[in-house]
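**Student:** Sequence:
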Amino acid sequence: MRVFKFGGASVRDAESVRNAIQIIKNEGKGPLLIVVSAMGKTTNAMERVLIEVLKNRENARAIFKQVIDDHLEIVNELFEAESHIYNEIDMLSEQANEIIDTGNTGKPDYLYDQLVPFGELLSTKIFSEFLKHEGVNNQWFDARDIIKTDYQYKSANVDWKRTEIQVENTIAQFLKNSASPFAVTQGFIAGADALNPTTLGREGSDYSASIFAFALHAKNVTIWKDVPGVLNADPKHFKETTLLDHISYREAIELAYYGASVIHPKTIQPLQNKKIPLYVRSFKNFNEPGTLIDSSSNNDETVPSFIIRKDQRLVSISTRDFSFIVEDHLSDIFEEFARFRVKINMMQNSAINFSVSVDENSFQLNELIDELSKRYQILYNQGLELLTIRHFNDEIFKKLTSDRKILLEQKTRNTLRVLMR
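Every letter in the sequence shown is one number past the one before it in the UniProt record's numbering, and letter 331, counting from 1, is 331.
Just so you know, nobody snuck in bad clues.
Calculated lysine-lysine pairs in the BS3-like style (CA-CA distance at most 30 Å, straight line): (1) K274 x K29; (2) K239 x K411; (3) K266 x K219; (4) K343 x K107; (5) K41 x K65; (6) K41 x K310; (7) K176 x K275.
Taking CB as the label site, the calculated pair distances span: (8) R404 x A338: 30 to 36 Å; (9) K219 x S350: 49 to 55 Å; (10) K374 x S261: 32 to 38 Å; (11) F238 x N59: 37 to 43 Å; (12) L330 x R421: 23 to 29 Å; (13) K41 x S350: 39 to 45 Å; (14) D90 x A338: 38 to 44 Å; (15) L330 x R162: 32 to 38 Å; (16) D332 x N137: 56 to 62 Å; (17) A338 x W160: 18 to 24 Å.
By construction, these hints were calculated from the structure, which means they are not laboratory data.
Note that CB positions come from ideal geometry on N, CA and C, so glycine has one too.
The task is simple: from the sequences and hints, build the whole structure.
**Tutor:** Structure (structure tokens):
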């Protein structure tokens, strides 16, 4: 039993959907679970719908109509006019428009999880139907009924026991007993109960594939990306990059934690717990092997890796009376960061000062600073970059920072991090 995951870029248009189906025909011997994201930039569009619901429902309907029209354009290229996929899209459109018209605007995170998942529902309905159209019979499953979570909307925590039971009773039973053991479901979305859908955090579809693989005791997982595999740097920021043919779970977790965008940070742990290999491969060149991630660490230190996080804000927090920053202060500060759900990317403390680097676009960052300002003196710098180098050496460090002003620097045995202007 295996799991394939196709991200938004790999199903962004009709040609891409055909390519993904060809990959399944070439590579996907059943039993196989196929996890599919929303098409292209649909999640961004659905988030714009949500913003307009909170301000002007008429504008929200117009934006959502464009989302539907974009999907229908793809459907028109893939199917004949009499295909019942059009009825499926009409039903999903009606459900979403009802939420747009009547959704509770007083609970924006709750409303987010009611509305934004329609991107995944649309894409998987189209994908499943076209897979059948191309001769691969399959069963569509609603992930909201299978991955069970708590009620922390927009970033829900998985209830592993309930999820394993649901997977066993639905997808696992189908894949074990079907003459055509292919199943299609959504990434990113889940459910606390029948009336309360949830989501697993932005870009959480990789994590979904990992959750399903864990519950299915899968042989392996393959994530199909628009890059050759895991690279040692983002080609958007570095001219020369190297493919990492093989890295360990531990190294992958480190890279994801520090901001490597090719893997969602939560993806690795469930796979590591059951020693399930993860392949990261290119949907553009699907004959290439890509990157293998497993328990072996033999190759981890052979190539340095570079991660850039742009748009950082350095927030420096100090006591008003120049007393030491002690455990009670730190506990209070961390509690506020958790309450406002602002992630700390780097931190450093001195006698009377505690400094953190956070994403400039962090949700509720300014509200957090306003709250902390009631009890502490707050200073901050904006427009910074956080550079992380795994398996560094002095020559590389000097080359990348020689003309930059460094505001914070941290160094461990394997990792060097600098916050710089």
